[in-house]
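Trainee: As a plain string of letters, each chain reads:
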Amino acid sequence: MKKCRRCSKPATLHITELRQGEATEIHLCETCAKDYLSQAEEMSTPESELQFDQLDESDEPEVSGIDDRVCPNCGITFREFRTQGRLGCPHDYVEFETDLIPLIENIHGETQHCGKLPRRAPDSSRRQHQLIRLRSELKLAVEEEDYEAAARLRDEIQEVENQLQGHDKPEE
Amino acid sequence: MTFVLAASMRQGDQVNGQQINGQQKRNGRKTVDLDSLTQSNSEWLRGTGPESDVVVSTRIRLARNLAQFPFNTRADDSARGQIAEQVRDCLGDLPVPKVLNYVDVPSLDEISRQFLVERQLISRELAEADGPRGVAFSSAEDVSIMVNEEDHLRLQVLRSGLALDECWEEIDRMDDALEEELTFAFHERYGYLTACPTNVGTGIRVSVMLHLPALVQTREIQKVFHSLQKINLAVRGLYGEGSQAAGDFYQISNQYTLGLSETQVIDKVRSVIPRLLDYERRARTAMLEEKKEQLHDHIARASGILRSAQTISSEETMHLLSSVRLGVNLGLIDDVDISTLNELFIMTQPAHLQKLKKTELDSADRNKARAALLRNRLASDSQD
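Residue numbers (numbering that gives the first Met the number 0), protein chains in the order written: chain C, 0 to 171; chain F, 0 to 383.
Wrong hints could be hidden among the right ones.
To be verified - Pulled a few chain C residues facing chain F out of the computed Cβ check, cut under 10 Å:
no.	residue
1	Cys70
2	Ile75
3	Glu79
4	Asp91
5	Ile106
6	Glu109
7	Thr110
8	Gln111
9	His112
10	Leu116
Claimed, not checked - As a list, the in silico DSS-like pairs of lysine-lysine whose alpha-carbon atoms are at most 25 Å apart:
no.	chain 1	residue 1	chain 2	residue 2
11	F	Lys357	F	Lys367
12	C	Lys138	F	Lys229
13	F	Lys367	F	Lys354
14	F	Lys222	F	Lys267
15	C	Lys138	F	Lys267
16	F	Lys367	F	Lys356
For the record, the hints were derived by calculation from the structure and aren't laboratory data. Quick reminder that beta carbons are idealized off the backbone N, C-alpha and C, glycines included.
Could you put together the complete structure from these sequences and hints?
Mentor: This is the structure we're talking about:
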């Protein structure tokens, strides 16, 4: 794994910078990348990069109790995750949930899956997901003023809601 | 195409899936003859398909993990071995219309690993990792499944030209088929769980590889990328993360994998393509109108060097091939076809040259071998 250009932690974000048609790859750890991206808009000169390098000195991650928590399933600590940028097992998403949510939101801008579902997922959870997906599509259709699609989606949502009420109560 | 192992199966390939699966069960443990791949051209290099003057290929990958195992960061060799075994075992039963042949990566020498990286069948990460790992791929090299990369499974479908829907349909079916045999780690809220939270949710990466020589030459490319980054699309070079944009090839791909459905992600990538095509084509036309003679001279010289050089570096080759490819698309050169040029981009890479020569070559010898290959292929192509 590549190391962060700013500090020695493993790089988890890989940025392609383009200057005068030249592409440069920049590898950063999560902490440094966050700073880098927030400054990227203003930062188009080498001078600001220098400034950035100096900032980095005082940018050690805060050590807190959270970092020492261990996943009972795979034995990884949150600190290890922060260092290597990779989780240890699927259960980590539950074990470290409170700390992962802000991170996930930061990366994706959302925290709710609305894509494909495993075929084996129980019926009601499949429908719950279907609803989430349909609602997000509806939002998009309204934004794009595609009222024909919006009307169709509204009907589909109604249908799924009815199905859910018929079988088991929705969670909300 | 001369793909030795699959040759006997190709008839069945088109007839019916069952037959193939029967064949595959018997052949599943055979070793794939990598050397024979040097005689064939990958699907994504065919140089055909919609918008192929600019769009080289379309690729979709899905990241999946087996629910009952830790992610690979915490999986020891025994766990990784079991994962590889499980995946390998189910390949023969997979109700998909293509035969997938498994290659055990640790048993390959360094050149062979690099060779698979150059063909985009595996990532550099998989080539360089430790422990049990492998890749299963179809004879046309349009479908591959990497085992024990960053995630347990990385499914990939490639197509020549712009073919987002075809790629999605095929990978979706393959994912469904795998799911019949394997249980993937999934969470109601976070979707498919991945080792790195940057892939969680759909685990999808949709990439379109573009050849943008005119935008590079007119230096407009910067603006284009700036606007892509603003809408959270990533731009990478030919070989993905960390690679240089050699030969003016750029991959445009999504960054978000959570909060959008797979088709929404695909549509997002799709939505920028017409504008990119338009920019590139307009830049090409403008170059042609404003300085045709100069451009023609430049391209003809590039072609001349490629046809006559006695020693040539990989970098120079990529650069010149890119010019010639532009020349063919602009109608300035007609004695070579795009698929030959696409093929040469790959065949002139270091591991491919060494595979062809069947021996290790140092840099100086590779440069000579590369020049010889170019002279040979470009001469024979013009006689066709």
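Trainee: Hints first: check each against the structure and report whether it holds.
Mentor: Going through the hints against the structure:
1. Given hint, Cys70/C at the interface with chain F, holds; its Cβ is 9 Å from that chain's nearest Cβ, closer than 10 Å.
2. A distance limit of 10 Å between C-beta atoms decides the matter here; for Ile75/C the minimum to chain F is near 6 Å, and the interface restraint holds.
3. With its C-beta approaching chain F no nearer than about 8 Å, Glu79/C sits inside the 10 Å limit, and its interface hint holds.
4. Below 10 Å, beta-carbon pairs count as interface contacts, and Asp91/C has one with chain F at about 8 Å; its hint therefore holds.
5. The interface hint given for Ile106/C is met, as the beta carbon of that residue sits about 5 Å from the closest beta carbon of chain F, less than 10 Å.
6. Hint status for Glu109/C relative to chain F: holds, with the closest Cβ pair at about 2 Å, below 10 Å.
7. Taken as an interface hint, Thr110/C checks out: its beta carbon lies about 7 Å from the nearest beta carbon of chain F, inside 10 Å.
8. About 6 Å separates the beta-carbon of Gln111/C from the nearest beta-carbon of chain F, less than 10 Å, and the hint is met.
9. The criterion of a C-beta within 10 Å of any C-beta in chain F is met by His112/C, whose closest approach is roughly 3 Å, and the hint holds.
10. The closest approach between the C-beta of Leu116/C and any C-beta of chain F is roughly 8 Å, which is under the 10 Å cut-off, so the hint is satisfied.
11. Distance restraint check for Lys357/F and Lys367/F: the Cα-Cα separation of roughly 15 Å lies within the 25 Å cut-off, and the hinted pair is therefore satisfied.
12. Simply put, Lys138/C and Lys229/F have alpha-carbon atoms about 21 Å apart, close enough for the 25 Å limit, and the pair holds.
13. Distance check on the hinted pair: Lys367/F and Lys354/F sit about 15 Å apart at the alpha-carbon level, within 25 Å; holds.
14. This hinted pair checks out: Lys222/F and Lys267/F have alpha carbons roughly 19 Å apart, not beyond 25 Å.
15. This hinted pair checks out: Lys138/C and Lys267/F have alpha carbons roughly 15 Å apart, not beyond 25 Å.
16. Of the supplied pair hints, the one linking Lys367/F and Lys356/F holds, its CA atoms being roughly 12 Å apart against a limit of 25 Å.
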